[in-house]
Amino acid sequence: MTIKKKIILGLAVVLIAIQFFQPLRNQAVEVPATHIERVYTVPQNVKTILAQSCYDCHSNNTRYPWYSRIQPGAWYMAEHIKKGKEELNFSEFGDYSVRRQRNKFRAMAGQVKDGEMPLSSYTLIHRNAVLSPEDKQVLIAWFSTMEDSIK
Numbered sequence: 001m002t003i004k005k006k007i008i009l010g011l012a013v014v015l016i017a018i019q020f021f022q023p024l025r026n027q028a029v030e031v032p033a034t035h036i037e038r039v040y041t042v043p044q045n046v047k048t049i050l051a052q053s054c055y056d057c058h059s060n061n062t063r064y065p066w067y068s069r070i071q072p073g074a075w076y077m078a079e080h081i082k083k084g085k086e087e088l089n090f091s092e093f094g095d096y097s098v099r100r101q102r103n104k105f106r107a108m109a110g111q112v113k114d115g116e117m118p119l120s121s122y123t124l125i126h127r128n129a130v131l132s133p134e135d136k137q138v139l140i141a142w143f144s145t146m147e148d149s150i151k
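Take the sequence shown: its position 121, counted from the start at 1, is 121 in UniProt numbering, and no numbers get skipped.
Please keep in mind that the hints were generated in silico from the structure rather than gathered at the bench. This one's a predicted model, so the numbers in the text were calculated from it and none came from an experiment. Hints are not guaranteed to be accurate.
[Claimed, not checked] Keeping only pairs whose Cα atoms sit at most 25 angstroms apart, straight-line, the calculated DSS-like set for lysine-lysine is:
1) K85 x K113
2) K113 x K151
3) K136 x K83
4) K136 x K113
5) K85 x K47
6) K85 x K136
7) K113 x K83
8) K47 x K82
9) K85 x K6
10) K4 x K47
11) K113 x K47
12) K151 x K47
13) K47 x K83
[Stated by the list, open to error] Label pairs and their computed distance ranges (CB to CB):
14) V98 x K47: 14 to 24 angstroms
15) P133 x V98: 44 to 54 angstroms
16) D114 x V13: 42 to 52 angstroms
17) R100 x H80: 19 to 29 angstroms
Glycine included, every Cβ here is placed at the ideal spot set by N, Cα and C.
Throw the hints in and build the complete structure from the sequences for me.
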């Protein structure tokens, strides 16, 4: 067997072996009392947009696509979700201080307005998460209203 064949065989064995090591799934059984939808009255149109474009990375409940069990992509996805939740977790929004909530609403409005969220790397694969101009306006208006309402 040539060196080239041994390398290819070795890589194949490694790729197969790593499939058995899956990261934990980000799937909560119930919606906690601290979830933004239980803390604030969220209009249905805003809920729909948040669920479609934000919650996969920014809540305790991710909808996993078919490819989420293929390594090393699953590890990359798990790390991406972890970082997203560290930045903003809608499932724990009620635990944030009033100041942090106000700042998050301001930041979300700015990031949506500037096209920074959802990430282009996410919408490249999840085309249904792309925000239409109308979706952006709905979110920006609601985030701004919420920021102003928090005392």
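Status of the hints after comparison with the structure:
1. K85 x K113: holds, 21 angstroms
2. K113 x K151: holds, 24 angstroms
3. K136 x K83: Roughly 23 angstroms between the alpha carbons, so the hint for K136 and K83 holds.
4. K136 x K113: The given pair, whose Cα atoms are some 7 angstroms apart, holds under the 25 angstroms limit.
5. K85 x K47: holds, 18 angstroms
6. K85 x K136: holds, 21 angstroms
7. K113 x K83: Roughly 21 angstroms between the alpha carbons, so the hint for K113 and K83 holds.
8. K47 x K82: Since the Cα atoms of K47 and K82 sit roughly 22 angstroms apart, the hinted pair holds (cutoff 25 angstroms).
9. K85 x K6: Answer violated: K85 to K6 is near 41 angstroms, above 25 angstroms.
10. K4 x K47: violated, 53 angstroms
11. K113 x K47: Holds, at about 18 angstroms.
12. K151 x K47: Holds: K151 and K47 sit about 23 angstroms apart, inside 25 angstroms.
13. K47 x K83: holds, 22 angstroms
14. V98 x K47: 14 to 24 angstroms: About 22 angstroms separates the Cβ atoms of V98 and K47, which means 14 to 24 angstroms holds.
15. P133 x V98: 44 to 54 angstroms: violated, 31 angstroms
16. D114 x V13: 42 to 52 angstroms: holds, 45 angstroms
17. R100 x H80: 19 to 29 angstroms: Because 22 angstroms falls inside the window, the suggested range holds.
In summary, the structure is inconsistent with hints 9, 10, 15 from the numbered list given earlier, while agreeing with the others.
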